[in-house]
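Number of protein chains: 2
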Amino acid sequence: MDHGFFRVITPARFLELLAEFAPTSGEVAALDGCLGRVLAEDLVAEENIPALDRSCMDGYALRAADTFGNSEGNPGYLQLVQNAAIDEVVARPLGVGECMGIATGGSLPPGADAVIMVEHTQILGENTVEVRKTVVPGENVMLVGEDVAANDVALPAGRRLRPQDIGLMAALGFNTARVHCRPRCGIVSTGDELVPVTDKPRPGQVRDVNTHTLACLARQAGAIPVLRGLVPDQRESLVRVISESLDQDDVLFISGGSSIGVRDLTIDVLESFADSEILAHGVSISPGKPTILARVGDKPVLGLPGQVTSAQIVMLVFGQPLLAHLGGDARAFDPGRRTLRPARLGANLSSKPGREDYVRVRLEDLGGELVAMPRLGKSGLLRTMLDADGLVRLDAPLEGIAAGQTVAVWVL
Amino acid sequence: MDHGFFRVITPARFLELLAEFAPTSGEVAALDGCLGRVLAEDLVAEENIPALDRSCMDGYALRAADTFGNSEGNPGYLQLVQNAAIDEVVARPLGVGECMGIATGGSLPPGADAVIMVEHTQILGENTVEVRKTVVPGENVMLVGEDVAANDVALPAGRRLRPQDIGLMAALGFNTARVHCRPRCGIVSTGDELVPVTDKPRPGQVRDVNTHTLACLARQAGAIPVLRGLVPDQRESLVRVISESLDQDDVLFISGGSSIGVRDLTIDVLESFADSEILAHGVSISPGKPTILARVGDKPVLGLPGQVTSAQIVMLVFGQPLLAHLGGDARAFDPGRRTLRPARLGANLSSKPGREDYVRVRLEDLGGELVAMPRLGKSGLLRTMLDADGLVRLDAPLEGIAAGQTVAVWVL
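First to last, the sequence lines map onto chains A and B.
Throughout the first sequence, residue numbering follows numbering that gives the first Met the number 0, covering 0 to 411 in sequence.
Throughout the second sequence, residue numbering follows numbering that gives the first Met the number 0, covering 0 to 411 in sequence.
Keep in mind the hints are simulated off the structure, nothing from the lab.
None of these values were measured; they are calculated from a predicted model.
Among the hints, erroneous ones may be present.
[Stated by the list, open to error] Simulated restraints on C-beta separations:
#1 B/Lys351 to A/Gly353: 52 to 58 Å
#2 A/Pro352 to B/Phe20: 51 to 57 Å
#3 B/Glu71 to A/Asp297: 26 to 32 Å
#4 B/Gly144 to A/Asp333: 37 to 43 Å
Don't be surprised by glycine CBs; every beta carbon is placed ideally from N, CA and C.
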């Protein structure tokens, strides 16, 4: 038995290696299927939004200069030339002393440069409007191109599309867009003790958990999980499933093989493929040290620990950024994409210097103060992740963090 | 024209009214389709997880008492009775002075109460193991039922399922579960100025944005958006589309009608349905005041402002919690489901007392300090939501918040 890790690298180096893989190609998606997809092209505005100066309020379009000095006690009077329908574009320029009734969203006539809210006016007779307030030029007006100017990049390639981005696309008339293909992520569990969820385990057997948690986490990262099932700790089966996945998927995640013999088998099998390279054999994080990164052809293969909690941590720290990157997300490795919440640490944490620790914590509101309570526990148990609201990272040089210190909790 | 709101209520009251609508019924979903779904039943464990005491490490199962006093300088020696395969359950009890080779995940034999990591041992000859450390009972062992005990509620009804929950379901053999149906959410945009995304707007027209942003936000809240298209500001069309939606959907969202005449039309039409009730006509938030809540039969109808930013804010503050609640989520109205990040306010904010303001902010890291910079702007523009990382709420009694104060940013 060989207990050593030959190529243990730092998490920073691990992420650098992940970034070298190429993102997926593009495909055309319909607007209403674009939420969460990543643009594979810059979307350039062909029009100004708004296309015309538009009113933000129900009221009267006017020339701001005509209201100067107006107040509740000293109102002014304008001549109402017409009430315009919301979709009406009035060509007749507004003259001095004139105003036009306008609805929210309506277009301003030439000559008008502001809108007064209806609440600050009074209609007198047929066509006189009392104006009890001074307005300034631009008041209650959305200006041409204030949202986006024609020929500007409205949304850049690499952007993962949020609801408000989809709204902008709609405004600009993009009914489709070129987006990165969702990476197909093959998922394999290895381990002679594993049975599928549908089986009743015999004593000594357990049901396969990692396939399902990793599939969910892959989906959350924008990938399409391809469940390739359970593989016994046996060379031919492993060769077959890896070949199949590398033929059809963009990336392969193999969990299991945390027991030493099996880990070695996975490495051996990966090395047996033509144009393959073991990029990392161990990474200095805990839990998650026995993680493997390999390249076969131009595709990444990530070997995750079999322990259920370790596998989830490795997926969060490396797997999800890799999938986001393969899916074209420009922010895949941006630490800013993690939501961090400051909290007071509720108990002392110790760490082995030289490795990055990820401690599961529960967030508790103690009298208005947010406290991160560590949920220590064996990484083969599901419980710590079930109870956890987030993770606290102890950086490699630290020997620990004392209770009472403020920590940044990575909210899950 | 009628400028008044007859039934302006507080946001707290609005949420109470939303909570009175009944959640959807249940359906059976397959395990791999359960991510993000909400349980409609308690899942009760039929087995202990783990089912047997299992090892967390590669090493040797032993009786902890046999190692007391062992150290690097004073090792002890145990007799290796066998190396067990990972899925092997050894029935022969471990005697005093004996140990058994065990892999991570392997089951402990009777009599063993701890595991020593292989790193702290040395194999001597055929079947003697040198043990250079004292272990305590339970060390490196996952105990029977430590994750879940048989007959316990493993996951309660009302829980929205996360990856780790799906993992627990897999461990327990739940290949399906009864979950709430995703609420079908009819979405209608009204406004004579609106054209579909596929059209080139004439001057005075704009493309419909709200259908698309609201559909995305509905999807994020676990609902199925049903796009019911554009409706002109005209009674018969509105009656037809509302009837259709109420026949087929669980809830209807109508945006538009921020101009006064149209708002009144929506109210009139809703009141014309049998067994209908206008529950709110205006809510004291900004933006978003002209929001309508009605009940038609047992279904909620939410009327959102037409302004694109106002519509998104109303959707975030009321629409998403309503959809989560209809979808059975026990935490739908729990303020804890919003991610709040403390930040220093970057500019003075003023507010009209008596209404709850939602100010869009961008989060900027200024020399290690998180600063929330307000993005003030007209609520008819898309820009402020495009630029925003989150929202700052100014509670109703406040007249403002001074720059430099710490605020809780609701991260979007």
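Verification of the hints:
1. For the hinted restraint 52 to 58 Å between B/Lys351 and A/Gly353, the CB-CB distance of approximately 57 Å keeps it satisfied.
2. About 55 Å separates the C-beta atoms of A/Pro352 and B/Phe20, a value consistent with the hinted range of 51 to 57 Å.
3. The hint said 26 to 32 Å for the Cβ distance between B/Glu71 and A/Asp297, and at roughly 48 Å that hint is violated.
4. Checked against the given bound of 37 to 43 Å, the beta carbons of B/Gly144 and A/Asp333, roughly 42 Å apart, stay inside it.
The structure is inconsistent with hint 3 alone, although it conforms to all the rest.
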